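Novice: Residues per chain are reported as follows:
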Amino acid sequence: MDAFFVSVEELFDPSLKGKAVVVGGRPHERGVVSAASYEARKFGVHSAMPLRTAYKLCPHAIFVDGHPARYRECSEQVFGVLRRFSPLVEMASIDEAYLDMTGTERLHGPPLRAAHTLHEAMKAETRLNCSIGIAASRLVAKVSSDQAKPNGILWVIPGQEAAFLAPLDVRKIPGVGKVTEKHLHSLGIRKVGDLARLDEAFLESRLGKWGLALAGKARGLDAGGWFDAEIGADTEPKSVSHEHTFGEDTNDLDRLESTLTRLCEMVGRRLREHGLHARTVQLKLRYSDFATITRAHSFESPTQVDTELSSQVRELFRRNWKSGARVRLLGVQASSFGAGEDQLPLLAEDRHERWKQALAAADRLRDRYGESAVSLAAGLKGNFRERVHENPAGLPGKHKAAGLPGKHKE
Amino acid sequence: MEFTVSKADLVRELSLSQGVVEKKTTIPILSKVLLEAGEDRVTLTATDLELGIRCACPAKVKKAGAGTIPARKLLDYVRLLPDAELNIKFLENHWASLTCGRSRTRIAGMSRESYPELPQMPEPIAEIPVQVLSSMIARTSFAISMEESRFTLNGALLLLGPEKITMVATDGHRLAFVEKAVEAGSRPFRALVPKKAMAEIVKLADESGPEGKAVLAGDDNHLFFQIGDRLLITRKLTGNFPDYERVLPKDHVHSARLNRDEVRSAIERVAQFADERSRAIRVQFTSGEVKIYSSSVETGESEESVPGEYQGPELEIGFNAQYLLDFLRAISQSDVSFELKDQKSAGELRPAGEGLTDQYRYVVMPMRI
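Protein chains in written order, with numbering that gives the first Met the number 0: chain F, 0 to 409; chain X, 0 to 368.
For the record, the hints were derived by calculation from the structure and aren't laboratory data. In this text the structure is predicted, and so the values were computed from the model without any measurement. Be careful, since some hints might not be right.
Sample of chain F residues facing chain X (criterion: CB under 7 Å; computed from the structure) [stated by the list, open to error]:
hint	residue
1	Ala-165
2	Leu-346
3	Glu-370
Label-pair ranges, simulated between beta-carbon atoms [what the hints assert, rightly or not]:
hint	chain 1	residue 1	chain 2	residue 2	range
4	X	Asp-218	F	Arg-353	30 to 36 Å
5	X	Tyr-76	F	Gly-246	51 to 57 Å
6	X	Tyr-76	F	Ala-357	22 to 28 Å
Beta carbons are placed, not taken as given, at the ideal position from N, Cα and C, and that holds for glycine.
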């Protein structure tokens with residue numbers, strides 16, 4: 000989807016159209032840019048950039064708060080459209096998806112025609128622009144959709160992958176970030192073509208297995224990491240976490256504890272959405288001076304109940320917080336997932352069972368009225384805006400460890 | 000304050016108080032033992048605010064008074080002294096001076112003013128032989144939940160009546176119930192005893208000898224166990240203990256009778272190959288034998304067969320091996336009866352054979368297999 004968060008905000012406030020818009024928060028708040036309109040990008044603003052930096056680059060931009068519930072809803076509409084075109088849809092994030100179109104020629108026609116039909120259907124039904132990349136591999140499809148932006152369609156004809164990739168910067172290859180880019184530059188590799196010309200053995204000697212994968216990627220193959228997986232194959236998360244950075248460092252115990260409760264609720268909600276039960280819960284605590292500690296607790300039996308998570312996390316906090324020290328960031332992570340509660344409960348009237356029922360009801364309310372519809376009283380003071388980039392749970396596809404602002408491109 | 004005690008007496012009483020002294024030194028005074036000298040004895044008090052203990056030993060008191068000394072440090076030091084008389088004198092600055100033979104030591108103490116006041120023991124409710132009490136604790140305390148968030152399950156239910164005494168513990172997955180008929184029992188009384196207090200009661204019972212009695216009393220918030228000269232005070236657990244009577248099965252469809260040692264060692268061996276976290280084993284009941292097996296992707300698989308009487312259809316049920324072993328290790332009888340209904344209903348274990356004097360029932364929920 001093109002500038003997804005911004006486009007969604009424009010649906011709700013058409014006056015934003017054509018202007019420099021930054022989604023993510025107020026200009027002087029701590030936090031990062033979730034998305035920037037194409038007009039704002041002209042000034043160098045991009046996602047994941049600190050809001051204050053964005054303001055320096057583009058002081059006249061309109062800064063708006065993000066609305067995760069809106070994005071999730073639109074993402075689900077997008078999925079609804081995609082699903083009609085192929086049964087194999089994988090949401091890679093809240094605004095990116097892969098479709099396996101194999102065997103749909105008789106239904107949708109040749110690749111370009113199918114893409115145009117999809118492009119129009121998307122605009123008609125969601126009022127949002129998207130860009131479509133078509134290719135024989137997932138990797139090239141992703142890169143070509145990036146090249147097609149905004150609002151375009153690009154087909155890389157089979158056999159032409161290497162030629163298509165060659166003139167692009169190495170950074171365009173999914174998985175190549177700042178660090179690898181720097182490393183490659185130091186080896187004199189700047190374009191994907193430079194990479195493709197190199198010997199696999201050389202890349203492996205310099206970069207290990209990742210080098211081998213890169214060699215494949217440079218030729219347009221889906222090599223390494225999750226690019227190997229089938230489209231539509233659901234990948235289960237290994238951990239679920241949420242973090243919160245305070246707008247201003249705080250040592251207010253009430254605020255800290257309720258923030259932890261709120262984070263536990265968010266983690267618990269995720270666990271239930273994925274049908275996971277965690278054996279281990281971990282507290283992350285970062286002080287003003289960036290000194291960071293993590294402390295974990297293992298449960299007797301795995302759980303997905305908010306109150307059980309939060310009572311342990313708060314206990315960990317009380318035991319480990321340097322009383323009075325100002326806190327910059329709190330995080331809660333659940334891991335060591337069991338298939339479920341193997342052990343059957345003995346006590347039907349058990350608190351645990353009752354909480355499970357209550358939370359199931361709360362989840363239904365949140366599905367209908369949004370995430371903040373219901374909350375534990377202990378977490379009310381800890382309410383803050385969530386930042387959501389990943390695929391909404393419930394849709395097939397990739398589920399990242401939740402809550403961290405994922406890499407995000409429009 | 001100044002007094003003289005025998006080193007052996009002091010070590011014994013100090014050891015009994017160690018379990019109660021707070022380990023984490025969040026409140027410095029709670030890591031101290033309070034010593035009070037008066038008449039011809041010195042009284043030792045330790046507490047972590049949840050649990051308190053008061054014991055005493057004979058002393059030659061030169062000057063009555065009170066003071067506090069770090070409990071751990073005092074015990075560690077006194078233990079190393081030769082068996083002899085030990086003189087303890089508190090100085091102006093709350094330090095304690097210890098003299099024993101040729102050894103002299105001064106330990107940093109604190110004023111008694113900041114030491115918390117323990118509640119007074121009210122009228123006794125009942126007198127229970129310590130053996131009865133500690134054997135009931137041994138058969139139930141392992142079923143207490145370790146999960147701190149489930150605070151009503153962090154102890155055992157103690158029920159006293161005119162004709163019987165009952166103790167029940169559960170962690171939500173299994174439940175241990177033991178009931179003993181007693182003559183001339185007490186008026187009805189009901190309380191939740193925290194797990195930590197139960198461990199201390201067992202220690203005091205061991206120390207008091209087989210004929211000892213525990214005098215029980217309670218106020219709104221506390222329980223008092225007077226065992227000989229020693230008094231244990233614990234905060235009651237609050238909250239509603241689950242309705243255990245609903246959990247105890249009324250009827251069982253099928254029953255197996257096994258030799259306890261055979262089935263216990265079979266499970267111990269098989270459990271080596273159970274999943275480390277879930278501890279799941281499968282128990283298969285067939286005519287004339289019970290098969291136990293386990294398998295784990297990482298470690299391997301294991302199988303045992305135990306001969307036994309069983310009538311009923313073939314049944315295979317998953318259990319947490321630890322739960323079964325806890326019970327099998329707690330009983331002294333030669334046989335065990337295993338009663339069951341199906342894969343999803345609670346199974347019940349009971350001791351069988353000679354020497355059954357009280358009712359002991361252990362209910363375990365299966366695991367999904």
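Novice: Now tell me, hint by hint, if it's right for this structure.
Specialist: Hint-by-hint comparison with the structure:
no. : hint                                : result
1   : Ala-165                             : 45 Å, violated
2   : Leu-346                             : 5 Å, holds
3   : Glu-370                             : 24 Å, violated
4   : Asp-218/X <-> Arg-353/F: 30 to 36 Å : 31 Å, holds
5   : Tyr-76/X <-> Gly-246/F: 51 to 57 Å  : 53 Å, holds
6   : Tyr-76/X <-> Ala-357/F: 22 to 28 Å  : 54 Å, violated
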